[in-house]
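Using the sequences and the hints given, assemble the complete structure.
Residue numbers (the working numbering), protein chains in the order written: chain A, 1 to 160; chain B, 1 to 803; chain C, 1 to 279.
These aren't lab readings, by the way, just hints derived from the structure by calculation. Source: prediction; values computed, not measured. Zero decoy hints are in this set.
Each computed DMTMM-like pair below joins lysine to aspartate or glutamate, with the alpha-carbon atoms no more than 25 Å apart:
no.: 1; chain 1: B; residue 1: 576; chain 2: B; residue 2: 594
no.: 2; chain 1: B; residue 1: 459; chain 2: B; residue 2: 438
no.: 3; chain 1: B; residue 1: 459; chain 2: C; residue 2: 260
no.: 4; chain 1: C; residue 1: 29; chain 2: A; residue 2: 2
no.: 5; chain 1: C; residue 1: 29; chain 2: A; residue 2: 67
no.: 6; chain 1: B; residue 1: 458; chain 2: B; residue 2: 653
no.: 7; chain 1: B; residue 1: 459; chain 2: A; residue 2: 128
no.: 8; chain 1: C; residue 1: 29; chain 2: A; residue 2: 15
no.: 9; chain 1: B; residue 1: 459; chain 2: C; residue 2: 275
no.: 10; chain 1: B; residue 1: 458; chain 2: C; residue 2: 260
no.: 11; chain 1: B; residue 1: 22; chain 2: B; residue 2: 526
no.: 12; chain 1: B; residue 1: 109; chain 2: B; residue 2: 87
no.: 13; chain 1: B; residue 1: 729; chain 2: B; residue 2: 665
no.: 14; chain 1: B; residue 1: 459; chain 2: C; residue 2: 194
no.: 15; chain 1: B; residue 1: 22; chain 2: B; residue 2: 37
no.: 16; chain 1: B; residue 1: 22; chain 2: A; residue 2: 94
no.: 17; chain 1: C; residue 1: 29; chain 2: A; residue 2: 17
no.: 18; chain 1: B; residue 1: 458; chain 2: C; residue 2: 275
no.: 19; chain 1: B; residue 1: 729; chain 2: B; residue 2: 402
no.: 20; chain 1: B; residue 1: 458; chain 2: B; residue 2: 448
no.: 21; chain 1: B; residue 1: 459; chain 2: A; residue 2: 127
no.: 22; chain 1: B; residue 1: 458; chain 2: C; residue 2: 240
no.: 23; chain 1: B; residue 1: 729; chain 2: B; residue 2: 399
no.: 24; chain 1: C; residue 1: 29; chain 2: B; residue 2: 135
no.: 25; chain 1: C; residue 1: 29; chain 2: C; residue 2: 59
no.: 26; chain 1: B; residue 1: 459; chain 2: C; residue 2: 240
no.: 27; chain 1: B; residue 1: 729; chain 2: A; residue 2: 128
no.: 28; chain 1: B; residue 1: 458; chain 2: B; residue 2: 662
no.: 29; chain 1: B; residue 1: 729; chain 2: A; residue 2: 129
no.: 30; chain 1: B; residue 1: 458; chain 2: B; residue 2: 443
no.: 31; chain 1: C; residue 1: 29; chain 2: C; residue 2: 15
no.: 32; chain 1: B; residue 1: 109; chain 2: B; residue 2: 706
no.: 33; chain 1: B; residue 1: 100; chain 2: B; residue 2: 110
no.: 34; chain 1: B; residue 1: 729; chain 2: A; residue 2: 127
no.: 35; chain 1: B; residue 1: 576; chain 2: B; residue 2: 531
Residues of chain C placed beyond 10 Å of chain A at every Cβ, according to the derived structure:
no.: 36; residue: 157
no.: 37; residue: 233
no.: 38; residue: 275
Beta carbons: idealized from backbone N, C-alpha and C, even for Gly.
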Amino acid sequence: MEITLSVNGVERTSDVEPRRLLVHHLRDDLGLTGTNVGCDTSSCGACTVLLDGESVKSCTILAVQADGHEVTTIEGLAGAAGNGETGALHPVQEAFHAQHGLQCGFCTPGMVMAAVSLLDENPHPTEEDVRLGLEGNLCRCTGYQNIVRAVLAAAGEVRA
Amino acid sequence: MTATETPTTAEGRAFGQRLLRKEDPRLLTGEARFIDDLQIPGALWMGMVRSPYAHARIRGIDVSAALEMPGVRHVFTGADLADAWADPMPCAWPVTEDMKAPAHWPVAKDKACYVGDIVAVVVAEDRYQAADAVDAVVVDYEPLEAVVDIEDAASDRVVVHEELGTNRSYTWTLSPEPEAVERAFAEAAHTVSETYVQQRLIPVAMEPRGVAVVPGVYGGDLTVYSSTQIPHILKVMVAATCGVPEHKVRVVAPAVGGGFGSKLNVYAEELIAVALARRLGVPTRWTETRAENAVATIQGRGQVQRMELAADAEGRVTAVRARITADMGAYLQLVTPGIPLLGAFLYHGVYDVPAYHFECTGVFTNRTPTDAYRGAGRPEATYAIERAMDALAREVGVDPAEIRRRNYIPPDRFPYESVAGLTYDSGDYEPTLDRALELVGYEELRAEQARRRAAGEKKHLGIGVSTYVEMCGLAPSRVLASLNYAAGGWEAASVRVLPTGKVQVVSGTTPHGQGHETSWSQIVADRLGIDPADVEVLHSDTAVSPLGMDTYGSRSLPVGGVAVAMATDQVIAKAKAIAAHQLECAEDDLELVDGELRVRGTPARSMTLQAVAFEAFSAHDLPDGMEPNLSAQVSYDPPNFVFPFGTHVAVVEVDEETGRVELRDYAAVDDCGPQVNPMIVEGQLHGGIVQGAAQALWEEAVYDADGNLRNPTLVDYGVPSAAELPSLKLDHTVTPSPTNPLGVKGIGEAGTIGATPAVINAIVDALSPFGITDIAMPATPERVWAAIQQARSGSAGDGEGAP
Amino acid sequence: MIPAPFDYQRASSVDEAIELLRQHGEDAKLLAGGHSLLPLMKLRLAQPSVLVDIGRIADLSYVSETPADGRVLRIGALTRHHDLATSELVREQVPLLAHVASRIGDPQVRHRGTIGGSVVHGDPASDLPAALLALRATLVVRGPAGERSIPADEFFTGFLETAIAPDEVLTEIRVPAVPGVGWAFEKFNRRAQDWAIVGVAAVMTDGAGGPGVGLVNMGPQPMRAAGVEEALRAGASLGEAAARADEGTDPPTDLNGSAEYRRHLARVLVRRALETASG
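Spelled out as structure tokens, the structure:
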């Protein structure tokens, strides 16, 4: 069926099978491969995107359910300078960079999107708030220590 | 927060700076391309039909329904592909001359030997169609009895491979002086005899595996894109197994989402993708699902360890005897049989022990093959000795920290010739213990523990210590030869200064999260006196980096990084020769400062490195006989392993009512010599420690008696999240290795090696008022609760009875 | 890990949803947030031939007090866990429910999952049904024959089974307001995002029926701790009451715990919950 999503601010109209998962629609139909698939069971959070501004797992949403809604993927976070130079990273992306909050980078897009949503709902989280708020995102490289620091840093709450 | 956690912005030497990673921006923005992100025009999707039985004869396969489904092009069975292979799948480590190994074909022909064994392959136009078609292939199985338990397998009651006649693949023994061991036990004032189970673990790299093959039918190279740690080794193995001329094979590892050893292998799906791309003349591709990953990617650990110590009256260890039964799973993957041997030399750990016996028997079971998982053999060895040292402390009646102090190899004994035949390069263990105890406030904790016990509190405090040493940096090719390993342990690097003065480094290591682009840039920039931003590191594509032995075993820095440094030094030597020629001075009069070659005492007489590089490029006026271009290539084969070490201390609270264990605090003081980038070192430790703690507390591949994996999803397999973990306290000491010019040691596996015994020792410490001396891993709430119940009812509880 | 093919229908009203269910019979499933159903469909443990998407029925997502006396909170079936957890009204009037909602799954799940979807799934491992039992909620369903109200006690009838008919739609959950009344929720799991091994929802109401205690994962269906409630009504101490926590339960044995362990946990967790709720 035909669906229209606003993806990173651009209207995208496609014809999809009803069973098409939003994550496959983003990756395979729209070419936005920054959103990753790390599991089959809504557990790992690698596929996290923002749906109408809130974090969701795009592996557990049908593309047809997102019809008419706004989706933000990792590709939509950083500004593009348009001249081949890097655009400004989002403050959460900057914080992940500055705090070494990523290693292999596979969980990172989902982790960043989850963090953006978390900070939107709770701009001044405690460390415990951050740890609990990221319960739905698994990382195998970092032990989460620098991810948590990054989110706190992005909130301006990290003390040197 | 410790001093080491405060980011510094030290200017000056690039070596040792907390330089932010060059890799990050592309990974943070979705620009990086992982295997499933690649757009490959015309590629057909493969779907694997896997055995749902652990052991079953394949009586027939009906592919007709699958072939009629939309988009399905082909279905291949093992028989269909029998002529696709020049050789069976490779095992590169036949550990003994008489090791028994079954022929392992990418697609099973007559019999499936584990749940997940591939029995047929569907080829369809898209991934949805491939998934549908997999379900439509009808396989007629004759289920056979499966053998799942390690010790049951050793009894040969059920044999996995009839043609071998036994499940026992090999027995490997290291017993330099058997009589000395017997004598030590006979004369011991104290002995310890323990049995430990290393449960199977699922590595769970967050990116599942994937492969795509472009066949290059009309003369192009056969290009294999794979989510692999080992593109160089894979290239050789693809050539050997699929019968493709090696010079026509190119292997590319795109961005790789973690490996932890699980992508240090040659997998059936990679070989099938090559065979079908060649047969069909079109690109083929496959991406693993997480459920497939649980059974089709190798698992880690899987051992039963019998560990014995003999000690004198003061608790000084006089002999170690370790006897291991190791679960190989159904087949020997790339280095399956050698994994226990990577720990074989380390069952006496950091202690000065005069007598030593190690033996390991590898057995086949009807389970997923085991192979390298972060630490590979060394976590198992460290767990055994560090648990046993706590048992000895109880036996002798001294504090666990004290028993360690009495036994550490003293710092003046390095380089230390170990009883197992290794030469530990350098070490000073006690300062790491002192500092780690200080970080957690050991004395105060012991006082709190005593207070709580006296007050009868139901939450028990436990403190666990482990000091480890590991051998890493795989490593000397001659030593590997003596262990029957098929390949060498060298590493290659090239450094070239381009005409504009920018630098390209080509590395044979293949990073997948470790940050080599950043660290190698620092090594080169440090030596050349230039900005690390002016250095680019190329890797992970055999067309770009033709020589290499890849990344595993904490080898990248002490072997590959050292090769980079050596190549840089050769570039500097050549630059000096050119500059001396141009400046009409002696080479010895030149110094390289801030990217400029200056005549000592006459700084006005100088040439920038860029100017030298351009001279080398234009070649208009080089010294007689000198080749153009400012570049060097090095293949470095180290003289020894390197031996990082450290002490980890875990603090837990155990709720006696529910059995819940909470990791309350954790300190690690590690020593990997000089750190190229402390930020990256700490990141490796954070992740490693959590993986090690996860073995202790959360993770286990649970099989039923029929060989079914009962927890193949991340709903049931307990990879911890941020919510379960405390903030870790890190510090370090610096004891350089004398065996390489950078003095560096590997750090990728250290955290995992140190953590598991620290956590379990802490739990056993917490439960000691109940008389509990062992708890099975993972220490689930129910196991802990059951152990307490059993202890209270009078029998010695070990938690083994709990599911 | 891709759902089997199905037909997709969108309902713009409850009546249309009922009509679509009537047309397609038992092969049809309602899709709300999809966070109970889609995971099963991806594993192909559920393969409905028709999905009726009710996620766009705007007037099923609300929290409001009844106009009459304000003593009963009315919650639309499509209200998301996140909305329940953050609703000022729910936090004031039924804080237990807001808290339980805040502990379901993870933030992403709470942004999509709905109270109705969770309840009609009838999963004994779900947290919300136990809370609704403890709170003595009423579930309002509508079908071809009109609307009917089902007390939570009669709603959960078996393993993944409820009193709702195949052509009925859950539209509203009515929860008696209990502002200022002591409550507690004990969720025992190994990892924060895991299902509860055992969970306990307790609310110390003193009106009709006395304190309510609901249990998670202690039998084939969501259930109340009847023995505990009876003991409390009879004036037993919290400890005595908690000792009856596993009375009438039939807990499962699975990878996370044996039945015996769950019985023990229920007693410990009920005691803790009662102490917190009374504290």
